[in-house]
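A.B. asks: The listed protein sequences derive, respectively, from chains A, B and C. According to UniProt numbering, the stretch in the first sequence is residues 1 to 659, in order. According to UniProt numbering, the stretch in the second sequence is residues 1 to 659, in order. According to UniProt numbering, the stretch in the third sequence is residues 1 to 659, in order.
Warning: the hint list may mix true and false statements.
[Said to hold, decoys possible] Heads up, simulated DMTMM-like pairs for lysine to aspartate or glutamate below, C-alpha to C-alpha not over 20 angstroms straight-line:
hint, chain 1, residue 1, chain 2, residue 2
1, B, K272, B, E649
2, B, K272, C, E155
3, A, K272, B, E649
4, C, K272, A, D93
5, A, K97, B, E410
6, C, K270, A, E14
7, B, K97, A, D93
8, C, K192, C, E155
9, C, K270, A, E514
10, A, K192, C, E119
11, A, K270, B, D93
12, A, K270, B, D548
13, C, K272, A, D549
[As the list claims (entries may be wrong)] FRET-style restraints, in silico, Cβ to Cβ:
hint, chain 1, residue 1, chain 2, residue 2, range
14, B, A247, C, D226, 30 to 36 angstroms
15, A, V360, B, N524, 30 to 36 angstroms
16, A, T593, B, R577, 52 to 58 angstroms
It should be emphasised that the hints constitute simulated quantities derived from the structure, not laboratory data. From the three backbone atoms N, C-alpha and C, an ideal C-beta is built for every residue, glycine too.
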Amino acid sequence: MTLMGVVYYPEHWERAMWEKDAELMARTGIRVVRLAEFAWSLLEPKEGVYDFAWLDEAVGLFHEQGIQVVLGTPTCTPPNWLTDRYPDVLPVDVHLKTRFAGVRAHRCYNSPSMRRFSETIVRKMAERYAGHPAVIGWQIDNEFGLNECCCPHCEARFREWAKDKYGSLESLNRAWGTVVWSGTYSEWEQLKPPLGGTAFKNPSYLLDWKRFETDSVVSFQQLQLDVLREFCPGHFVTHNIWSYPMALDYYRLCAPLDFASLDYYPNTSKEKSVSSGYGGALTLDLARGIKRRGFWIMETISGPPGCWFPMWRTPQPGFIRAFAWQCIARGAEAVVHFQWRSAPVGAEQFWHGLIDHSNVPGRRYEEYAGLCEEVNRLSGTLDGSEVAGEAAILHSHELYNAFQIQPQAEGMDYFDNLKLYHRAMTKLGILTDAVNASEDLSGYRLIVAPSLYLLDEERAKHLEDCARDGATLILTNRTGVKNDNNVCWIRPLPGPLAEAAGVTVSEYDPIGGELHSMVDKHGNSYACSQWCDLLTPAGAEPIAWYDDDFFAGQPAVTVRKLGKGRIVYIGTIAEERYYIELFRALADEIGLTRLDGLPEGVQISVRSKGQKRYLFVLNLSRQRQEVALGGTFESLLNESRVGPALTLEPYGVEIVAWT
Amino acid sequence: MTLMGVVYYPEHWERAMWEKDAELMARTGIRVVRLAEFAWSLLEPKEGVYDFAWLDEAVGLFHEQGIQVVLGTPTCTPPNWLTDRYPDVLPVDVHLKTRFAGVRAHRCYNSPSMRRFSETIVRKMAERYAGHPAVIGWQIDNEFGLNECCCPHCEARFREWAKDKYGSLESLNRAWGTVVWSGTYSEWEQLKPPLGGTAFKNPSYLLDWKRFETDSVVSFQQLQLDVLREFCPGHFVTHNIWSYPMALDYYRLCAPLDFASLDYYPNTSKEKSVSSGYGGALTLDLARGIKRRGFWIMETISGPPGCWFPMWRTPQPGFIRAFAWQCIARGAEAVVHFQWRSAPVGAEQFWHGLIDHSNVPGRRYEEYAGLCEEVNRLSGTLDGSEVAGEAAILHSHELYNAFQIQPQAEGMDYFDNLKLYHRAMTKLGILTDAVNASEDLSGYRLIVAPSLYLLDEERAKHLEDCARDGATLILTNRTGVKNDNNVCWIRPLPGPLAEAAGVTVSEYDPIGGELHSMVDKHGNSYACSQWCDLLTPAGAEPIAWYDDDFFAGQPAVTVRKLGKGRIVYIGTIAEERYYIELFRALADEIGLTRLDGLPEGVQISVRSKGQKRYLFVLNLSRQRQEVALGGTFESLLNESRVGPALTLEPYGVEIVAWT
Amino acid sequence: MTLMGVVYYPEHWERAMWEKDAELMARTGIRVVRLAEFAWSLLEPKEGVYDFAWLDEAVGLFHEQGIQVVLGTPTCTPPNWLTDRYPDVLPVDVHLKTRFAGVRAHRCYNSPSMRRFSETIVRKMAERYAGHPAVIGWQIDNEFGLNECCCPHCEARFREWAKDKYGSLESLNRAWGTVVWSGTYSEWEQLKPPLGGTAFKNPSYLLDWKRFETDSVVSFQQLQLDVLREFCPGHFVTHNIWSYPMALDYYRLCAPLDFASLDYYPNTSKEKSVSSGYGGALTLDLARGIKRRGFWIMETISGPPGCWFPMWRTPQPGFIRAFAWQCIARGAEAVVHFQWRSAPVGAEQFWHGLIDHSNVPGRRYEEYAGLCEEVNRLSGTLDGSEVAGEAAILHSHELYNAFQIQPQAEGMDYFDNLKLYHRAMTKLGILTDAVNASEDLSGYRLIVAPSLYLLDEERAKHLEDCARDGATLILTNRTGVKNDNNVCWIRPLPGPLAEAAGVTVSEYDPIGGELHSMVDKHGNSYACSQWCDLLTPAGAEPIAWYDDDFFAGQPAVTVRKLGKGRIVYIGTIAEERYYIELFRALADEIGLTRLDGLPEGVQISVRSKGQKRYLFVLNLSRQRQEVALGGTFESLLNESRVGPALTLEPYGVEIVAWT
């Protein structure tokens, strides 16, 4: 089943409107609503006083309409009575400034009061709705992020965390290299949160602090998860992550959950009208990669976002539909739009819903209603189908954090480069998974591994084995620089992978924003920037060379055959065109499934079920586009046959049974 | 009488210089000086110890020279003994950081100590100078603004304020929609100032907080006003406001005063040499509109400003004179230049006076002396004349605050748009008042009402009535969005005015910085940006249509005849040229007084007395300009006749008896 | 002797690596290492527990290799036990935020704890190494700067400092002009640090606060110096300053030291590849000017800097060598590179050393080794030679601070203008000293005195006497504006020098970023910006005039003959070309030594010993350049003869015996 849903806040509206809303939702084809994730102050208006009557009523109304319910635990918004009476709930930043109430996410994950009251309200909700026939699952909290909280509770927990990890101060001092700048700890009490927030702190300590912070979130979530598992064994439990890049480690966060959910807001502006689709494709692939299975879209765009920033443009006609299909094409099992109707009150007044404040359904609602009809119609066909990539691109929150702590060169951004590589794959129509850089990669035929900056021997061995077993492994600059303690290897780069890659870096030049040039073996010239590793092959063959500056003529890219596969090392960041040429050649050599000749803005994706393959062709641009399908296929949308030339209107969508 | 004056600080100078200064002032034609508004530490050097001898002497010297005195109450600068012994005087910002002493305006309006000592020093001054023959009036404090003070006293007063307004927490919770994000208050103690200062807070609460802040200033002023009214019934009392846009509500601030005063510093830079004159025209019209009568200029430019920022350019020859005449042309009854001579000491050393530190009178002094001669000569003629607009443009600090709290679209700025409309009116030579959007508008023939975002039924009715009675009412996008609680209406836009305007907004697109195009019924094309309301006429006639994007062909501007008048609705922000064409056509249809063909930078204004009309023609540009007067008139400046073609030198001024 | 050295941190490396490192250093030609300046936590791992064994061992190893040792006192990095147990060590900023541990330079100079523990650790080190044969001298702390510390200890010391300076509050109030804005102090307790940090504070107070801050650093240094002088009378003592411009007064800081040291990191980026050499020339001339003698380079570039900012580009081939020679050419007696090898741990991991993390010596090491060979070979020849300028450019940290407190015009930057004048001198090949503006200037033939804004009668007299005795004295705008209290003179500009210069400023215009034009007596036109003084000659002759705006035709530059010399007054900031033309003419009239026709990026310098003169010709650019030497000379580098045309490769260096 592919479920269409909406976010709804009964508490924002007069009671008299609820029934009409539920009826219209049912008529529109909506199958699920998310409720209550910010409603703590209504559910527990005063400490220990609970009121579920209104929520019972709302859940009941949806049940009557055949609409299923996902309940949010309301711990993102501790109410005023809680923060006022138990101020330890409020986080404290690196400058010791309190994050005051009146907003959301104003809660310290390690606060004893926050943990106690969270456990209780979740237990009350779980007890009450465990057996309700409409309720199918739970969203814990909302859009977790790191807090950078430096309160005494976090400080104490951090010390315990470090003791657990390192055992002794001697060991910790050695691992972090605290001797630099006299940072040696002689008593555990000296270990503090990163007060002051400067970039001058020890990078090993800073990276461990980020790990501790992720662990704090995970532990806070687990507290709730334990309750839900106990009372609601039949319900799924998920969390709605938001956005990339992200310091919080989503892989560790989602490990104990049933599936990941994503809040997805593709940018509506004209200048991002194309890039937004490619960035979105990566985000969706990442969301699917978290648990390596289908996921939910728990929020997505229904109108212009805005409020604490100027409103975005309204979605163009077709935009809402096309991006919802993009989610499904890349693995979403449910698509929940945020939200049913724009809120008349509060801080999200201009984060628009499907229906405007006027409560007169308009263009966006009509488009959404059509979308519901389509999805519901195809839901049976798609049921059980899955997205499976032949190629993988590796991603890591740890690497993101490490590069945030120590920027390498002007303009060199870990996640932007990931986008660059993924966009090239997407434009080539290569079916790509985006997966955790530390997971098992067996079976992938092409592995793009950007900047594996933190790399230990064991992991290097796995990657080498993948290549030996037949994979084409693509490494880039800043690979093998450090061990997991964020301490530099005293060995030639790319460190633990130097031997396997058959190349070492004799020297590097952080060229930053400067544009330089490189030339490949066909004599084609490409711009490169950010970084230049000057390569000394030791077994590898150069396949591109720098073409200017003092390192003109030195190898920039090498390839080494290894067992049944090979390792490519790219010492610089080239323009997109280079990756398209390189990846195309590599993919074609190893015979990856592809669709060639995709116009700018058009993406494909494939969902497979047994022998069946459903090809999604999405025009995420404002221009009409032509796609060569390479054959004639049955359209799932309108039962006609389409191809070999397929014309897509702006934001047009086609889905075919692909043979 | 039109009075020329200067600001003078006897306390900055050796006693020996005072007499010479007073003599030269008298010789120059100066009629009034402002004294003492920062002199608390001299008047009360220690707690309870007063010293008025020096001020007696200074006031006496001016009296001898026939110069009148305006005294400032010194409460903008609490002295060190006060802030040091009573630290509650110092404001505390949203991050709980103290605004420390050593500056100015470092005083909390709700501080009990500040209020007590302010009341006392004002009483001492009032008692002493109530009967002095030189003293004619008072300026309370200096350039009030909002504090955003979050000290415990403000917190407590805010709670009282909210109790007074809402009666119960239930009522407050409902009015503000606190249910969003669990913000419900269950005890009054939970109600706090906006600590943390983020844009994520509840917009209804934030707007009320601004109202409370204005009320705090008003109350602090009233404390002093009560003393002055008691002791000095024969003196006027004013306050010198500074600059627009402004979060503090000047209308409420000035309500109990005799007249408003303005500190006016037109920009001297080359790139603002034209825009500065138009922005200034609006500022002056606003100042006149505060009390709908003549006002004082309490400070204006005498040389390059500077100090805590790099100095501006020096005023070009003619600049000081021309902008002083602009003040008078638009309603000033006195023009006080800041200041006599540049201070040799302290934080304002480079906020230059008419005479430089050298104490050698130079070019600027000479120009000023000539100006005094002119103004004194014409003073009798102009005495009793008034500025009265035929058109009105509506302005509101409330709307400004509401848009600051929730920016609508990239580049959409309430006050900048106000300037745009006013500039078009000024370039057309339409005589325009700028008035409080909540006042009675009877009698105006053309009313420009930009973005009446907060709008209740009663006010909508008044506007509709004005139209029915014959006015042309111009509405724009973002009209009728919310009620006074900053809560959205659940009805089609423009909300309470939709029916009268004969149009609804089916959808809107916050296009922000993008340039789009619209076309009028003559086929003329205009750029538009910021926002597009897509209009559905229901009684109104479209008169312009969008010309691109998915809404091409949809109405952008409509007009509806209503009773003896009409309502124009403009759904976007067009380029200036559009407003000039539209307003010209409308003004000519209803026969407004105008002077056509004004060159860029040239402004007119009219002061009337009975049947007499004095036309001011000001060239506020660096170029020589020609103006077609449409006849020959007597010049008030040199008793010649001028016209029909009038040549104005750069910064040239002409004043004629206009028939 | 000219010493080559490196910075080395034995504590960063396994003990096993030390010997190999020392051996390789000796083989490379390294004569000196700096050790231990951040090692407090190893030397005193707990309060009162000392461990010198590791340092003994390291010093011993270097001694065995014949390498001399400079020891740093480790007070820049108080260890965790110290800051944790004695929190008064940590500075507190103007917003009362603590500068927390975990960084460096986190110590209040006035903290009693910091002073006590600093004195003790320095005494322990001094006792231990006073007699060690390898140790030759000391570096106190590291890269001192002002703290802006507002802690209670600083507050109390500031009050004492002000009492010492002014005696009474009456005197202080008068000197600072506190009467402005009611800032009068009536009790000493009211005198505070500049809390809040705003630009609205009294400028006289702010300048004295900077003076107090310098005195705090000087006093903290003196505490250590007293110990070192007592225990190590045979050792030199220095401090490594960093960078210009600087609020800390280096002249006062270095007065009690044996010589100044400089940390010198010329910029490697392409866009600064030329300006960096000229800026560096000024920095080196300033370093030499501090004590008017030879100095040490205590750190200089070995590879890409980076860490808390994105890495710079790697030095181009030849860059390390050329800039090391630039140091020697301009007076360095030792050049210590930072550092031997890039640190694998800690906050400076990417502030690269000569050898990369890989520990494989590469291109940069090879270049450095060649440099060591050259320098060691020439060391005997250059021994005893000195750099002596014929011209002087005046510099002052006081003026820098005064202009920071009150920026004069948009884009007018005291130090940038100093660079402009110095660059013109450098391009003309004029041998220039950069000296403290308050020192004796007898003997200089050309004195460039930029913006002597703070100027008293006595100093004016000295400058006038220099001119009368034959010097050509060049004054600029903003001369003679204020007395030393930062209070404006009440007299025509240039104040105390107006009579001698034979010119007054009738008016000025802070034109800021606008480009205007001036014309010299040959009719050549030049752009000018920032500021225009309109000059009224009174004895001086105009030699350039403004050519636009309302002051067109008024004098911009004047010259007045005075005794055997003359005074030039330049009322604006012209483009570089003007200074080149003006200085060339003046220099040639008075017969200064010069080398004409230097290409962009090529610099010369001369070291003299008795009758011998060694000419350094440095190509600090990325282009090959031709220089006309005007004769044939013996090269010191390769014993060939070079000239009259000399070709220099990119970053090429030549040194000849100049006749």
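A.B. asks: For each hint, tell me whether it holds in the structure or not.
C.D. replies: Against the structure, the hints:
no. : hint                                  : result
1   : K272(B) / E649(B)                     : 18 angstroms, holds
2   : K272(B) / E155(C)                     : 44 angstroms, violated
3   : K272(A) / E649(B)                     : 50 angstroms, violated
4   : K272(C) / D93(A)                      : 38 angstroms, violated
5   : K97(A) / E410(B)                      : 30 angstroms, violated
6   : K270(C) / E14(A)                      : 65 angstroms, violated
7   : K97(B) / D93(A)                       : 15 angstroms, holds
8   : K192(C) / E155(C)                     : 6 angstroms, holds
9   : K270(C) / E514(A)                     : 8 angstroms, holds
10  : K192(A) / E119(C)                     : 27 angstroms, violated
11  : K270(A) / D93(B)                      : 39 angstroms, violated
12  : K270(A) / D548(B)                     : 13 angstroms, holds
13  : K272(C) / D549(A)                     : 16 angstroms, holds
14  : A247(B) / D226(C): 30 to 36 angstroms : 57 angstroms, violated
15  : V360(A) / N524(B): 30 to 36 angstroms : 33 angstroms, holds
16  : T593(A) / R577(B): 52 to 58 angstroms : 56 angstroms, holds
Violated hints, listed in ascending order, are 2, 3, 4, 5, 6, 10, 11 and 14; each of the other numbered hints is respected by the structure.
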